[in-house]
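Could you put together the complete structure from these sequences and hints?
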Amino acid sequence: MSDYLQVDVEHRLGDLSLRVSCALSAPWTVLFGPSGAGKTSLLRVIGGLTKPDRGRVILHGRTLVEMESEAWVPPGQRAIGFVSQRPTLFPHMNVTANVSFGLSGLDGPSRKERVGQMLDLFQAGRLAKRMPGDLSGGEKQRVALARALAPGPRLLLLDEPFTGMDADLKVSILQPLTVWLTERDVPAIYVSHDVAEAFQTVADVVVLDHGQVQAHGPANVVLASRREQLLRQLGPGAG
Amino acid sequence: MDQQAIFLTFRLATLTTLILLALSIPLGYWLAYGRARWKALVEAAVALPLVLPPTVLGFYLLVWMAPRTAAGRAVSAVLGHPLAFSFAGLVAGSVLFSLPFAVQPVTAGFRSVDREILEAAELLSPGRARILVWVLLPLVRPFLLTAAVLAFTHTVGEFGVVLMIGGNIPGVTRTLSISIYDQVQDFAYAQANHTALLLLSLSFLALLLIYGRRGRAGV
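Chain order of the listed sequences is V and X.
All letters in the first sequence, in the order written, are residues 1 to 239 by our numbering.
All letters in the second sequence, in the order written, are residues 1 to 219 by our numbering.
Derived list of chain V stretches under chain X, where covered just means 3 residues or more per stretch with a C-beta under 8 Å from a C-beta of chain X:
(1) 67-76
(2) 80-87
(3) 99-109
Taking lysine to any residue and the SDA-like style, the derived pairs with C-alpha atoms no more than 20 Å apart in a straight line are:
(4) K51/V x I117/X
(5) K51/V x Y33/X
(6) K51/V x R115/X
(7) K51/V x P126/X
(8) K51/V x G127/X
(9) K112/V x H92/V
(10) K51/V x E122/X
(11) K51/V x R128/X
(12) K51/V x L118/X
By construction, these hints were calculated from the structure, which means they are not laboratory data.
What you are looking at is a predicted structure, and each value in this text was computed from that prediction instead of being measured.
We put the CB at the ideal spot given by N, CA and C, even for glycine.
Here it is, written out as structure tokens:
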């Protein structure tokens with residue numbers, strides 16, 4: 001897979017000075033680093049929720065932002081799905097209305113069919129008529145994923161969406177998600193600060209610290225070259 | 001009780017409330033999410049009627065809309081008569097005077113919407129109008145109700161602006177509050193008492209509606 005995403009941005013936010021220049025090509029990239037490293041800020045810049053001070057983001061050859069020429073594609077036109085740690089479902093809409101919100105381009109029957117497919121994918125079909133306030137944390141996250149994937153994004157951004165979930169629940173969501181992404185050739189960037197989670201995968205890893213890329217490559221290569229440093233960074237209990 | 005004044009007052013309050021709701025949604029949205037440097041200037045101007053004596057507002061409206069001014073001539077050309085001492089003049093004065101009572105709750109409503117919910121909508125929808133209609137307006141509905149009730153009741157109770165702009169023409173500009181003033185001037189205290197009781201009850205019920213809903217919503 002050639003580079004699907006090129007990021008070369010600078011952005012200052014409070015104490016954090018984000019300066020990232022990298023190109024991603026792996027279907028699954030883990031963005032790894034300690035809290036405050038700039039992981040979420042980077043995802044927000046890619047998703048269009050934050051305008052960087054300088055630089056550009058190119059996705060599949062399309063310039064999403066280039067501050068020098070003031071080129072700017074709004075978040076809703078980027079075809080990027082974004083799921084955050086806290087599922088932010090629309091509280092006044094039931095599950096079906098939540099998932100169909102991003103499908104304004106489809107006619108009624110097609111929209112209904114797509115919503116059904118997405119809910120079935122995450123074993124959430126029985127939740128269709130429920131309101132977000134009546135759902136558990138895991139159920140909300142399933143619906144949030146179904147909503148993010150329903151419009152057919154060209155990139156999925158996952159900002160620690162499984163934090164606080166037990167391993168079984170996490171697997172039950174991750175398994176259909178990875179199948180869906182692989183079948184459609186949709187890459188994903190997954191934020192984590194859990195070293196075991198980050199380096200267990202077959203993904204590429206981008207290690208971010210103090211707003212800058214410290215390492216980037218296949219998980220096993222990055223781990224081998226930075227094992228001591230990563231363990232030090234994570235404290236005496238890690239290992 | 002002055003039936004004409006009751007009908008006129010409720011007609012004025014309904015029209016003013018509808019106009020204010022239509023104005024307060026875009027204005028409140030802009031005040032909540034806009035980034036213009038001069039936003040504070042607009043915010044201060046909107047809040048001005050809260051501290052300004054109604055007679056001052058009424059006086060300036062009379063001056064600006066006088067038939068010899070450009071604005072006055074334009075209004076006369078559209079309406080076929082000057083703004084002063086007309087029902088249209090009352091509506092214009094009421095809209096300006098009750099502006100903060102509608103705009104401030106709506107702005108507060110937009111500001112209260114969880115930023116992450118708004119961002120989730122922005123990521124899923126290319127259209128701001130779609131986000132406004134399907135996500136924001138349903139979420140700020142209680143604030144819209146508050147704005148409508150406050151604008152309506154405040155218009156019903158207006159006195160200074162109405163008197164300055166409209167005078168006291170039965171069936172055209174004499175509202176309930178002016179009717180009470182007239183009745184007191186005529187020593188018709190029983191009639192004034194009935195009219196005052198009507199206004200008092202209406203205002204109390206309106207506030208009860210707002211606080212009752214807030215109590216049920218747990219806010």
